Amino acid sequence: MRFSKLFGKTLRQAPAEADSISHQLLVRAGMVDQIATGVYSYLPSGWRTLRKIERIVRQEMDRAGGQELSMPSLQPVELWDLSGRHEAFGKTLFTFKDRKEHTLVLGPTHEEVVTELVHRHLQSYKELPLLLYQIQNKFRDEPRPRGGLLRVREFIMKDLYSFDADLAGLDRSYKKMIEAYNNIYRRCGLPAVMVEADSGAIGGKDSHEFMLIAETGEDEIIRCHNCGYTANAEKAEVRKTPSAAEEPLPIQEISTPGVTSIADLARLLNMPESKTLKAVMYMADGNHVLSVIRGDMDVNEVKLKNMLKCADLRMATDEDLKGTGIVAGYASPVGLKGVKVVADESIMMGNNFVAGANRRDTHLKNVNYPRDFQIDIMGDIARAKAGHECPRCGHVFLTSRGIEVGHVFKLGTFLSEKLGAYFLDENGEQRPCIMGCYGIGLGRLLAAAVEQNHDEKGIIWPLPIAPHQVYLCPLFLDNTEVASEVERVYNEMVKQGIEVLYDDRVESAGIKFNDADLLGLPIRVTVSPRTLKSKSAEFKLRAKGESELVPLGEIANRVKQEIAAAADT
RNA sequence: CGGGGCGUAGCGCAGUCUGGUUAGCGCGCCACGUUCGGGACGUGGAGGCCGGUGGUUCGAAUCCACUCGCCCCGACCA
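All residue numbers for the first sequence refer to the numbering used here, where the first residue is 2 and numbers rise by one.
Some hints here could point you the wrong way.
As the list claims (entries may be wrong) - Restricting the straight-line Cα-Cα distance to at most 30 Å, the calculated cross-link-like pairs of lysine-lysine (DSBU-like) are:
(1) K323 - K276
(2) K536 - K496
(3) K6 - K541
(4) K386 - K176
(5) K6 - K561
(6) K386 - K419
(7) K176 - K53
(8) K541 - K496
(9) K236 - K419
(10) K176 - K310
(11) K177 - K276
(12) K276 - K176
(13) K419 - K276
(14) K206 - K458
(15) K323 - K338
(16) K561 - K534
(17) K310 - K386
(18) K458 - K53
(19) K323 - K366
(20) K101 - K419
(21) K53 - K386
(22) K53 - K177
(23) K236 - K341
(24) K6 - K386
Said to hold, decoys possible - Quick list of simulated restraints, FRET-style, between CB atoms:
(25) F8 - K101: 21 to 27 Å
(26) P45 - P16: 15 to 21 Å
(27) R173 - Q124: 20 to 26 Å
(28) A568 - L168: 35 to 41 Å
(29) S125 - K176: 35 to 41 Å
Keep in mind the hints are simulated off the structure, nothing from the lab.
Everything numeric in this text was worked out from a predicted model, so none of it was measured.
Here a beta-carbon is modelled for each residue, glycine too, at the ideal position from N, C-alpha and C.
From just these sequences and the hints, can you work out the full model?
Right, here's the structure in full:
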């Protein structure tokens with residue numbers, strides 16, 4: 002490819018609306034273009050990278066026994082009513098009416114369609130396990146697209162759906178996919194960390210996410226470096242250590258003017274935060290719910306939501322608090338009536354707590370459960386943090402940030418039952434398929450790759466997914482010797498099947514080198530009067546500082562050697 | 001949906017508060033010339049419905065109303 006003919010120019014400055022680093026660099030490198038909020042075109046070099054990722058994904062899906070198919074993006078809304086997910090998805094679902102006033106959905110995912118498909122075509126257990134996948138555009142009217150390609154409304158996704166006869170089969174399919182996913186990320190040069198994840202209200206038992214570690218990631222990952230336990234902070238278990246037990250003392254009011262936070266309270270009373278109780282009011286599907294947890298921990302809203310089995314959960318506003326008897330900053334379950342109370346187990350690990358008094362500027366000392374207040378539900382609603390102890394081995398947790406680049410679920414049978422994906426087993430009995438689903442957002446993976454692999458000059462592509470492998474960079478192209486030698490090198494590389502971007506512009510060294518760094522192609526080969534003095538070209542890796550001179554006759558082989566080395570990892 | 005910000009040339013911006021010739025600047029683009037191993041320079045050019053609609057006014061990029069779009073924070077994101 003000749004640079005002068007490549008559609009998609011490099012930009013010195015990123016558009017003002019590009020905020021995330023990957024968005025800025027992908028736009029500046031001429032790889033993507035935004036047409037509306039969360040809607041992007043892939044320009045030729047961006048599309049090349051996307052297709053390289055896609056190819057690796059496809060190969061691994063096929064290798065794991067997947068069969069590729071294509072399913073419609075236009076889906077009848079009835080399918081979504083049947084599965085019950087029309088409501089669950091809510092406004093995220095793009096819907097519209099056709100000319101006959103019939104409502105259609107732009108598919109945000111294809112579980113419904115694939116289950117319907119299986120319903121019609123699957124008959125016997127002998128056809129199981131069945132692994133079907135597609136690589137297609139999906140549509141979600143996200144409340145807030147953001148971060149360039151990281152969260153968009155139209156995106157290319159690989160989704161595989163597994164159908165098994167029994168739970169053991171599902172486990173096998175699930176394991177196979179995890180293996181395939183690890184292969185994919187490794188082959189892309191983007192090693193991802195698998196973490197335990199929340200499966201959401203509709204998910205089944207197990208769920209794992211694959212995270213690309215990056216400073217800018219929006220997910221927090223909990224890691225134990227001792228036993229290897231890793232989980233999304235939303236999901237992570239927490240070991241709660243009991244504080245020393247004391248004789249319960251009589252409850253006592255104390256004056257705490259202006260003290261509305263746990264930190265201030267602990268400081269004022271000169272006691273650890275674990276001696277306090279934290280109470281936070283939420284609205285769950287419109288109903289008041291008071292959460293109570295020991296003061297040294299925070300409420301994990303995902304866990305709380307799962308426990309309440311509610312569709313909508315948000316923190317209560319001052320308006321919501323009116324008439325409940327709760328006073329913001331001094332909230333407490335003590336003496337509270339008519340409000341559902343959910344508590345974390347940690348409130349049983351300790352006693353003589355300081356809690357709010359539901360009165361301004363007042364707290365209560367020596368509050369003990371269950372002596373002083375009652376609760377409706379007890380469970381784990383704590384959010385894991387760095388410094389907490391690992392529930393498996395007791396080692397101290399570390400945290401890092403990551404970008405979710407894959408998600409696998411064990412779905413179970415709720416969809417196959419609703420949509421009728423049954424089969425006949427050995428005994429002639431009708432049973433629902435046990436399903437799993439396994440997704441990778443290709444565009445997000447591409448963006449995450451940039452988010453993770455860049456420097457102040459530009460992108461640093463891992464070789465397997467770089468749009469081109471080589472940036473061929475002649476200097477002083479108006480010099481006839483340079484022109485003829487570089488042309489020869491270019492033709493030789495093309496002949497050898499090397500993917501080379503040939504910068505055939507008559508531009509200064511600075512411009513070319515800066516564009517080379519911005520585009521981030523893994524190998525840069527420079528030909529100039531200087532290198533030609535020793536009948537050589539300069540060979541340099543984007544990821545490394547040093548360069549070497551390689552004789553012109555050997556440069557193509559040197560490049561091939563490098564490519565082969567990257568393919569082995 | 002709540003809060004904040006922004007729409008002027010392909011990109012980055014000034015001009016708007018305080019209305020008044022032909023709407024500017026840098027980068028990029030085109031032509032010619034001199035340079036050039038880390039974003040050189042000269043000369044000459046092309047490029048604008050000042051997001052849209054309606055109003056106020058002798059006169060609107062500028063004031064008012066409505067509207068559309070984009071970005072950020074939050075809510076949300078099976």
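Compare the distance between the alpha carbons of K6 and K386 with 30 Å, and conclude whether the hinted pair is satisfied. violated (51 Å)
For a C-alpha distance cap of 30 Å, please report whether K236 and K419 respect it. Holds, at about 28 Å.
Are the Cα positions of K177 and K276 separated by 30 Å at most? Outside the cut-off at roughly 47 Å; violated.
Would you say the C-beta atoms of F8 and K101 sit inside 21 to 27 Å of each other? This hint is violated: roughly 40 Å between Cβ atoms.
Keeping to a limit of 30 Å between CA atoms, is the pair of K310 and K386 held or broken? holds (24 Å)
Between K536 and K496, is the straight-line Cα distance small enough, at 30 Å or below? Given pair K536, K496 holds - Cα atoms ~21 Å apart, limit 30 Å.
Using the beta carbons of R173 and Q124, state whether their distance is inside 20 to 26 Å or not. Given range 20 to 26 Å: holds, Cβ gap about 21 Å.
Given the proposed pairing of K101 with K419, does the C-alpha separation stay at or below 30 Å? Roughly 27 Å between the alpha carbons, so the hint for K101 and K419 holds.
Take the C-alpha atoms of K236 and K341, compute the straight-line distance between them, and say whether it is at most 30 Å. The given pair, whose Cα atoms are some 23 Å apart, holds under the 30 Å limit.
Verify the proposed pairing of K323 with K276, using a straight-line Cα cut of 30 Å. At roughly 28 Å apart (the allowed maximum being 30 Å), K276 and K323 satisfy the hint.
Holds or violated: K176 to K310, with C-alpha atoms at most 30 Å apart: holds (28 Å)
Please test the hint of 35 to 41 Å on the beta carbon pair from S125 and K176. Given range 35 to 41 Å: violated, Cβ gap about 24 Å.
Going down the numbered hints, you'll see the structure goes against 6, 11, 12, 13, 14, 21, 24, 25, 29, while the others check out.
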